[in-house]
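Visitor: Chain A is fixed; fit chains B and C onto it per the hints.
Protein chains in written order, with numbering that gives the first Met the number 0: chain A, 0 to 418; chain B, 0 to 312; chain C, 0 to 183.
Quick caveat, the hints were computed from the structure, so don't treat them as lab data. C-beta atoms are modelled at their ideal positions from N, C-alpha and C, and glycine is treated no differently. Worth double-checking, as some hints may not be accurate.
[What the hints assert, rightly or not] Cross-link-like lysine-lysine pairs, in silico, DSS-like; alpha carbons within 30 Å at most: (1) C:K48 / B:K84; (2) B:K288 / C:K48; (3) C:K76 / C:K137; (4) B:K306 / B:K288; (5) B:K56 / C:K48; (6) B:K84 / C:K111; (7) C:K137 / C:K181; (8) B:K283 / B:K140; (9) C:K76 / C:K111; (10) B:K84 / C:K181; (11) C:K160 / C:K76; (12) A:K5 / B:K306; (13) B:K84 / C:K76; (14) B:K283 / C:K48; (15) C:K48 / C:K76; (16) B:K28 / B:K140; (17) A:K35 / B:K306; (18) B:K140 / C:K48; (19) C:K111 / C:K137; (20) B:K56 / B:K28; (21) B:K288 / B:K32.
[As the list claims (entries may be wrong)] One-sided excerpt, in silico: chain C residues whose CB lies under 7 Å from chain A: (22) P39; (23) L40; (24) N42; (25) S43; (26) N45; (27) S47.
[As the list claims (entries may be wrong)] Covered stretches of chain A (in silico footprint by chain C; criterion: 3 or more residues with CB under 8 Å from a CB of chain C, positions within the stretch not fixed): (28) 52–66; (29) 83–89.
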Amino acid sequence: MSEHLKTNNALIKWIDHRLPVFSMMNETMIDYPAPKNLNYWWNFGSLAGFALVVMIVTGIVLAMQYTAHVDYAFNSVERIMRDVNGGWLIRYIHMNMASFFFIVVFIHMFRGLYYGSYKAPREILWMLGVVILLLMMATAFMGYVLPWGQMSFWGATVITNLFSAIPVFGEAIVVWLWGGFSVDNPTLNRFFALHYLLPFVIVGVVVVHLWALHRFGSNNPLGIEANGQQDKIPFHPYYTVKDAFGVGVFLLAFSGFLFFAPNFLGHPDNYIPANPLVTPAHIVPEWYFLPFYAILRSIPDKLLGVVAMFASIGILFILPWLDRSPVRSAKFRPVYKWFFWLFFANCILLGWVGQEAAEGLPLILGRLATAWYFIHFLVVLPLLGVMERPKPLPVSISEPVLSGGGGLAAAAAKPMEKA
Amino acid sequence: MKKFVLTAAAAAVTLGLGIGAASAAEALKAPSKTWSFSGVFGTYDQAQLQRGYQVYKQVCSSCHGMDLIAFRNLADLGYNEDELKAIAAEYEVTDGPDEFGDMFDRPARLSDYFPSPFANAQAAAAANGGAAPPDLSLVAKARVGGPDYLYALLTGYEDDVSEEVLQQIFETETHKREVQYAAAMEAYEVRLAKYQEKVKTDPTAKEPAMPEDPGPVESVEDLGLPDTASFNAYFPGYGIAMAPPLSEDIVEYADGTPATLSNLSADVSAFMMWAAEPTMDQRKQMGIKVILFLLVFTGILYAAKRKCWADVH
Amino acid sequence: MAADSAHASQQSQDEETRRDFLYLMATAMGVVGTGAFAWPLVNSMNPSKEVLALASTEVDLSPIEVGQSLTVMWRGKPVFIRHRTEAEIAEAADVALDELPDQEADADRVVKPEWLVVGGNCTHLGCVPLGQKTGDEKGEYGGWFCPCHGSHYDTSGRIRKGPAPENLPVPPVEFLDDTTIKIG
Chain A
0 MSEHLKTNNA LIKWIDHRLP VFSMMNETMI DYPAPKNLNY WWNFGSLAGF ALVVMIVTGI
60 VLAMQYTAHV DYAFNSVERI MRDVNGGWLI RYIHMNMASF FFIVVFIHMF RGLYYGSYKA
120 PREILWMLGV VILLLMMATA FMGYVLPWGQ MSFWGATVIT NLFSAIPVFG EAIVVWLWGG
180 FSVDNPTLNR FFALHYLLPF VIVGVVVVHL WALHRFGSNN PLGIEANGQQ DKIPFHPYYT
240 VKDAFGVGVF LLAFSGFLFF APNFLGHPDN YIPANPLVTP AHIVPEWYFL PFYAILRSIP
300 DKLLGVVAMF ASIGILFILP WLDRSPVRSA KFRPVYKWFF WLFFANCILL GWVGQEAAEG
360 LPLILGRLAT AWYFIHFLVV LPLLGVMERP KPLPVSISEP VLSGGGGLAA AAAKPMEKA
Chain B
0 MKKFVLTAAA AAVTLGLGIG AASAAEALKA PSKTWSFSGV FGTYDQAQLQ RGYQVYKQVC
60 SSCHGMDLIA FRNLADLGYN EDELKAIAAE YEVTDGPDEF GDMFDRPARL SDYFPSPFAN
120 AQAAAAANGG AAPPDLSLVA KARVGGPDYL YALLTGYEDD VSEEVLQQIF ETETHKREVQ
180 YAAAMEAYEV RLAKYQEKVK TDPTAKEPAM PEDPGPVESV EDLGLPDTAS FNAYFPGYGI
240 AMAPPLSEDI VEYADGTPAT LSNLSADVSA FMMWAAEPTM DQRKQMGIKV ILFLLVFTGI
300 LYAAKRKCWA DVH
Chain C
0 MAADSAHASQ QSQDEETRRD FLYLMATAMG VVGTGAFAWP LVNSMNPSKE VLALASTEVD
60 LSPIEVGQSL TVMWRGKPVF IRHRTEAEIA EAADVALDEL PDQEADADRV VKPEWLVVGG
120 NCTHLGCVPL GQKTGDEKGE YGGWFCPCHG SHYDTSGRIR KGPAPENLPV PPVEFLDDTT
180 IKIG
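Bound-form chain A, shown alone (with noise of 0.2 Å):
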């Protein structure tokens, strides 16, 4: 295992014989072959990477100040705004950077979609992911519960009630979760400790979501396996470099909320202490929810409405399977493409519709939005996999122009071919 690690260090030789790390890491993420050409959309997944550490990070410090009781949440928060060393920083950091979590995550989730990423040998590299999604939706949604102010209270007594769909069992779950007949202390309780847990859980899948990622290495812009030593470079130092500015630019847009406009994201239902007896005008979930509040909202029936949320985010997984296409890259899928980006717009509608209130026009879009949802996936999916005739594909990552792929694949290979 070890044959591959250079070095001249007598104790990382010593250690690396007996606990082979410096192998592992050297495999992993120095000499790790990767693909030569892959795009800035390749960025966003060592992006979610470090917003997560960022996030733990800044969690853990946050729960040494912070007291989960019902009494006290509230003004814990704002102790450590405005007594507790750089507190402020601190939670806002938090806060923003649990938005651009999202946003980050959400783009490389529609970086997957569009380059057909999902489809094998990486199903389950896809599977993981979703499961990531799914916990990270968890942990946020009970980390926004924890400030206690209106929007967290009522959010989370919105949330919960979900859970009263389920026929028979419903009002006995939702009790069960709430550990009472309201949300109350032993709610918040219950939120903090698997808000402090599911992050690590979180570590865990991404730790599982790389293992899948390095049994056969990451998909690139053409959507063709790599062919041997000439299509690929080691990850360092030419994507340790790539990432790094990635970073970057991505810390420069960040500081941008974080210093200028910290609260922009938020809502200011939320800087007025939780009331049980007063629900705010609008309740509105964070917007990475929006998209999904729509869906539910869509449906006129609780549980249906209920089903159908938690269905959009279920029926990624067999994603996989319902896209029948052999081609990955939508760059060699003439009509996929046009397909991929009415989706794209269509997510970006409901996102809308889940913050205007469920009457009228945006009722109507958003049932039309939601169906279309489901159509893309249902319907367009696998008939597109039978109908569609692909341009043809290049030979190899290095030789794209000769294989005679058409303009578009001569036109995207062709920043690779300076030197």
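Guide: Only chains B and C this time, still in chain A's reference frame:
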């Protein structure tokens, strides 16, 4: 920098975040105002905060608490230690229990928080006709529009608001009533047709009542606000339980600034913004430094990336 | 020809130096940036502003009879106040300094000789010594005795015997009037 923030914000919006969704309850949107702390380089104006504190102390504090603010925090307003101690000593706070188990009053110290005007929320509600005056510590962050909204609210009472603003509200309300009336009439006609059908066989059937035309809104009275409420152009629903709290010369500013309604409102709004976000100045200063650092760092990383990738073919 | 290739190799060497310089700069800035990010996280665990603001406490001494003691809390820890008898004052003052493990004159430890104010945690490992209540074991020197590991303090709160290395610390004390002190 501002442009960058705007671009980033625009990018975020394109990503499907519709933020700051307009509140449904009808009220005018507060016009945006230029503050000393507006923009990337804006900072709090200490003199203004001191005046705002004076307004809060002499007017607002008889009904509104500020539980999260301690006397030591007022150092941000530019007071020195002795001045702070003198300010604190003017307040009585309850401490205890002493060695006999009794609570006792003593002059406030720097570590004490502003005392609440009421013993608890129930007492506050009882003394104010059922609506407890909200705590003002965070109000500037807890309302859409922040300090703009607070300023608009304080200058938005019937006697202070401009004729155009009133007309705008009347027009919106008139239009809304017309729409509602039309809908009610439509429903009435359906019911009436049904009744006329039914009455042929069943003479006891009740004739539906015709909806009344509410007529246009031409004055504040036409809005039909409850007697206990004052008209306010910027309060959701237009009826606010708080009577106009400020008026010209209600306080005499120590620094000689004319105590016009506009000055009073702006100063106390700025003070509330400070109370809600006392670390804003620090945050922006740090932000400028961090962004400059990141620009250089990212530039170097970009150059390194270019150099590194130059030989890939 | 030879000159050409020498020129080319010189150029590629330059390229390499430039690249290495960029890597070094980037790494250095990355380290600085990470450090700058880590510092607030570490510093957040230091005492916060409202903790520091509670730094002083006032005590009314009038109810304490001669020979009695009072324990008050200051910064979350006990402070011993003893209204010393004449005998105790004399005992504390008469000790030769070179007999003491931690040499400090009694006069340097009190503002007024009848009032001794010392921190109430043993300087060994932080237990609260006995000797405040009338029935307590006061140790061999009539001051305080720490039951955890057997440290004996005298009537000036100075360590005389046992594992504790230092005298009980004297907090900043100020007499606001004859019977009121401010600690801190």
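Visitor: For every hint, state whether the structure bears it out.
Guide: Here is what the structure says about each hint:
1. Under the criterion of a C-alpha separation no larger than 30 Å, the hint pairing K48 of chain C with K84 of chain B is consistent with the structure, at around 17 Å.
2. At roughly 24 Å between alpha-carbon atoms, K288 of chain B and K48 of chain C fall within 30 Å of each other, so this suggested pair holds.
3. Annotation: proposed proximity of K76 of chain C to K137 of chain C holds, straight-line Cα distance about 20 Å (limit 30 Å).
4. Only pairs whose Cα atoms come within 30 Å are accepted, and K306 of chain B paired with K288 of chain B is accepted, the gap being roughly 27 Å.
5. Of the pairs offered as hints, the one joining K56 of chain B and K48 of chain C holds, with about 24 Å between alpha carbons and a cut-off of 30 Å not exceeded.
6. Proposed proximity of K84 of chain B and K111 of chain C is supported: the alpha carbons are some 27 Å apart, at most 30 Å.
7. For the proposed pair K137 of chain C and K181 of chain C, the alpha carbon gap of about 26 Å is at most 30 Å, so the pair holds.
8. Between K283 of chain B and K140 of chain B, the direct Cα distance comes to roughly 17 Å. Compliance with the 30 Å bound is thereby established for this hinted pair.
9. Pair hint K76 of chain C plus K111 of chain C holds up; C-alpha atoms about 23 Å apart against a cutoff of 30 Å.
10. A C-alpha spacing of about 16 Å is found between K84 of chain B and K181 of chain C, which places the hinted pair at or below 30 Å, so the restraint holds.
11. Of the supplied pair hints, the one linking K160 of chain C and K76 of chain C holds, its CA atoms being roughly 23 Å apart against a limit of 30 Å.
12. Simply put, K5 of chain A and K306 of chain B have alpha-carbon atoms about 24 Å apart, close enough for the 30 Å limit, and the pair holds.
13. Restraint check for K84 of chain B and K76 of chain C: satisfied, since their Cα atoms lie roughly 26 Å apart, inside the 30 Å limit.
14. Only pairs whose Cα atoms come within 30 Å are accepted, and K283 of chain B paired with K48 of chain C is accepted, the gap being roughly 21 Å.
15. For the hint pairing K48 of chain C with K76 of chain C, the CA-to-CA distance comes to about 18 Å; that is within 30 Å, so the pair holds.
16. A hinted pair counts as satisfied when its Cα atoms are at most 30 Å apart, and K28 of chain B with K140 of chain B qualifies at roughly 16 Å.
17. At most 30 Å may separate the alpha-carbon atoms for a hinted pair to count; K35 of chain A and K306 of chain B meet this at roughly 15 Å.
18. Among the hinted pairs, K140 of chain B with K48 of chain C is consistent with the structure: their alpha-carbon atoms are about 22 Å apart, no more than 30 Å.
19. Only pairs whose Cα atoms come within 30 Å are accepted, and K111 of chain C paired with K137 of chain C is accepted, the gap being roughly 22 Å.
20. The hinted pair formed by K56 of chain B and K28 of chain B meets the criterion: a straight-line CA distance of about 28 Å does not exceed 30 Å.
21. The hinted pair formed by K288 of chain B and K32 of chain B meets the criterion: a straight-line CA distance of about 27 Å does not exceed 30 Å.
22. Given hint, P39 of chain C at the interface with chain A, holds; its Cβ is 3 Å from that chain's nearest Cβ, closer than 7 Å.
23. Using the Cβ-Cβ criterion of 7 Å, the hint placing L40 of chain C at the interface with chain A is satisfied: the shortest such distance is roughly 5 Å.
24. The beta carbon of N42 of chain C is positioned within 7 Å of a beta carbon in chain A (closest approach about 5 Å), and the interface hint is therefore held.
25. Proximity of S43 of chain C to chain A holds as hinted, the smallest CB-CB distance being about 5 Å (cut-off 7 Å).
26. The beta carbon of N45 of chain C comes within 5 Å of a beta carbon in chain A, closer than 7 Å, and the hint placing it at the interface holds.
27. The closest approach between the C-beta of S47 of chain C and any C-beta of chain A is roughly 4 Å, which is under the 7 Å cut-off, so the hint is satisfied.
28. By the rule of at least three residues with a Cβ nearer than 8 Å to a Cβ of chain C, the coverage given for the region 52–66 of chain A holds, with 5 such residues.
29. Coverage of a stretch by a chain is defined here by at least three residues with a beta carbon nearer than 8 Å to that chain's beta carbons; for the region 83–89 of chain A and chain C the count is 6, and the condition holds.
Comparing the model with each earlier hint shows no violations; every hint is respected.
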